[in-house]
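The chain contents come next:
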Amino acid sequence: MRLPAVRLVRLSRIPYTELLALQERWLRRLQAEPGTEAGALLLCEPAGPVYTSGLRGGLTPEETARLQALGAEVRTTGRGGLATFHGPGQLLCHPVLDLRRLGLRLRTHVAALEACAVRLCEFQGLSGACARPPPYTGVWLGERKVCAIGVRCGRHITSHGLALNCSTDLVWFDHIVPCGLVGTGVTSLSEELQRHVTVDEVIPPFLEAFKETYKCTLISEDSSNCSCYHSWEVLLEKHQD
Amino acid sequence: MVAYGSKIRIGDMQRVYHSSLAPVWPDVAIQSRNTFQLNPDLAQNPTQCLESSAVEHGGCGSGTIWKPCTGSTLLSVPKFTDKHDWITTENGIGPVGISNFAQEALGDVVYCSLPEVGTKLNKQDEFGALESVKAVSELYPPLSEVTEINEALAENPGLVNKSCYENGWLIKITLNNPSELGELMSEKAYEKYIKSIRSENGTPK
Numbered sequence: 001m002r003l004p005a006v007r008l009v010r011l012s013r014i015p016y017t018e019l020l021a022l023q024e025r026w027l028r029r030l031q032a033e034p035g036t037e038a039g040a041l042l043l044c045e046p047a048g049p050v051y052t053s054g055l056r057g058g059l060t061p062e063e064t065a066r067l068q069a070l071g072a073e074v075r076t077t078g079r080g081g082l083a084t085f086h087g088p089g090q091l092l093c094h095p096v097l098d099l100r101r102l103g104l105r106l107r108t109h110v111a112a113l114e115a116c117a118v119r120l121c122e123f124q125g126l127s128g129a130c131a132r133p134p135p136y137t138g139v140w141l142g143e144r145k146v147c148a149i150g151v152r153c154g155r156h157i158t159s160h161g162l163a164l165n166c167s168t169d170l171v172w173f174d175h176i177v178p179c180g181l182v183g184t185g186v187t188s189l190s191e192e193l194q195r196h197v198t199v200d201e202v203i204p205p206f207l208e209a210f211k212e213t214y215k216c217t218l219i220s221e222d223s224s225n226c227s228c229y230h231s232w233e234v235l236l237e238k239h240q241d
Numbered sequence: 001m002v003a004y005g006s007k008i009r010i011g012d013m014q015r016v017y018h019s020s021l022a023p024v025w026p027d028v029a030i031q032s033r034n035t036f037q038l039n040p041d042l043a044q045n046p047t048q049c050l051e052s053s054a055v056e057h058g059g060c061g062s063g064t065i066w067k068p069c070t071g072s073t074l075l076s077v078p079k080f081t082d083k084h085d086w087i088t089t090e091n092g093i094g095p096v097g098i099s100n101f102a103q104e105a106l107g108d109v110v111y112c113s114l115p116e117v118g119t120k121l122n123k124q125d126e127f128g129a130l131e132s133v134k135a136v137s138e139l140y141p142p143l144s145e146v147t148e149i150n151e152a153l154a155e156n157p158g159l160v161n162k163s164c165y166e167n168g169w170l171i172k173i174t175l176n177n178p179s180e181l182g183e184l185m186s187e188k189a190y191e192k193y194i195k196s197i198r199s200e201n202g203t204p205k
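Chains U and B supply the protein sequences, listed in that same order.
Just so you know, the first sequence maps onto residues 1 to 241 in the working numbering.
Just so you know, the second sequence maps onto residues 1 to 205 in the working numbering.
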C-alpha cells in the first residue's frame, strides 16, 4: 500500500512571522481542497527571539512589555498551550497535515509529535527522553523540558507543532513561566550532550523519526535543492507511479 | 428518528419509553414527528398509551403518544453535522454542542473560546474553539445567529466532556432558515457516519 506523501518544506533561518504566513498559505490550500493532499511539513530555525502565547493567552500586557524591552518579539497565536519561546538554535516544526489522510485524530497527532521528539532524542543518544500526560504535554529529560508542543486543528487540518531546543540560549526561558508550568526546567540537546548540537545536524534524524511515526513519505517541494538525503526518496516516489 | 428506549421530552418533562412499546407504535408515527407532538397527558401517566388504544377517536385516543400539532411548538431531537456538532431546536432556537464522539476524541477540555451574543455565523467560518491541553480544535456552526453562550464553561470547561449533550452545550443559535436543519444528519445517520470514519482509519479510537 502506498504511504501518504507529505511535502517537506525545509526553510533556513527565517523570522517567525514568515513561518506563520507560509503556514497560513498551506492551511488555506488544504482547507480549500480537502482530501487531495496529505499536507506539508514546515521546518525552520527562527531568525530572532520571539515569545508566543496560545489561545488561552499566557502573557499579560505587563509581561509582554517587559519581554519586548529585552529585544524579543511577542506574538499571540491560536494554538493550544500557554507561553513559550522560539529563537536561534531551536528546531521549529509545523506539520500542516490533513489528519484524515493520515488516519489520525487530534490526540494521536499530539502523541505522534511527542513520539517524533522522543525518537530523535534516542537517535542522539539520549535514552531517557519521554512524553508526560497533560498538563505536561511535551518531551522531557527528567524535570526539564527539551521539546514544547502546541497545535491547532480546524476542519481536520493541523497547524503549529513542536519546538525542539538544539542549541537554544536557555536564558531566554528565564523570563517566562514556560507553558505555565511553575517549578519545571527547560533544557536543550547541547546542554544534555555537553557539546554544540546544531539544528542542521538534527534535521535528518528528525525526518527519519517523522516518517517512521506518521507512516508517510516526504517529498521535497523543490527537488533541485534536494540534498542527497532526499533525492533517493524522490526517485522512489517516481518509480512507484 | 427517535430510537425506542431513548429519552423523549414532553413539554419540560422527560420520560423513558421502554422497548415494550415498540410493537405498539409503528415507525410511521415517529416519521411524522415534524407535524406531531408528544401527548402531554402521558407526562402524568405514561402507561396510558398501553391501556387505551390509539385508534379511538379517529386516531387521537387518550393512549396516543403522538398527536397532530397545530401550533408551532415543534420539538426535535438532535441533528448532527459532519464536524461532530449537534443541534436541537425549539421554535427555531436551540443549543449547539459537540457529540460524545468529539468530546472523547478531544480529551479533557480546558478552555472554551466562544463568540459574543449577537454574532452572525456563516457555515464556513469557525465560531469558536475548544482547547484540550496543547491542542486547539476549531468549531464550525450548523448555521445562524448566536443568542446565548454557556457561561458555565468559563469556570468549568470540563462540562463539555462530562455532559456534552446537556450541561456542556456551547452556544444557542436562532435558525435563519429552518429548512437547513433538513441537511443535517439524524442520530442514526450520524452513528453510521462515525462507524465509517472508524473503519476508514483502521485504528481503534
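No wet-lab data here; the hints were simulated from the structure.
Treat the hints with care, as some may be off.
As the list claims (entries may be wrong) - Stretch-level coverage of chain U by chain B, calculated; a stretch enters the list once three of its residues show a Cβ under 8 Å from a Cβ in chain B: (1) 51–64; (2) 142–151; (3) 186–198; (4) 201–211.
Cβ coordinates follow ideal geometry from the N, Cα and C atoms, glycine included.
Hints, verified against the model:
For the segment 51–64 of chain U, the stated coverage by chain B is satisfied: 3 residues place a CB nearer than 8 Å to a CB of that chain, which reaches the threshold of 3. Counting residues of the segment 142–151 of chain U whose beta carbon lies closer than 8 Å to any beta carbon of chain B gives 3, which reaches the threshold of three, so the coverage claim holds. Counting residues of the segment 186–198 of chain U whose CB falls under 8 Å from any CB of chain B gives 0; the rule of at least 3 is not met. Coverage of the segment 201–211 of chain U by chain B is violated in this model, with 0 residues showing a Cβ closer than 8 Å to a Cβ of that chain against a need of three.
The structure does not agree with the numbered hints 3, 4 stated previously, though it agrees with the rest.
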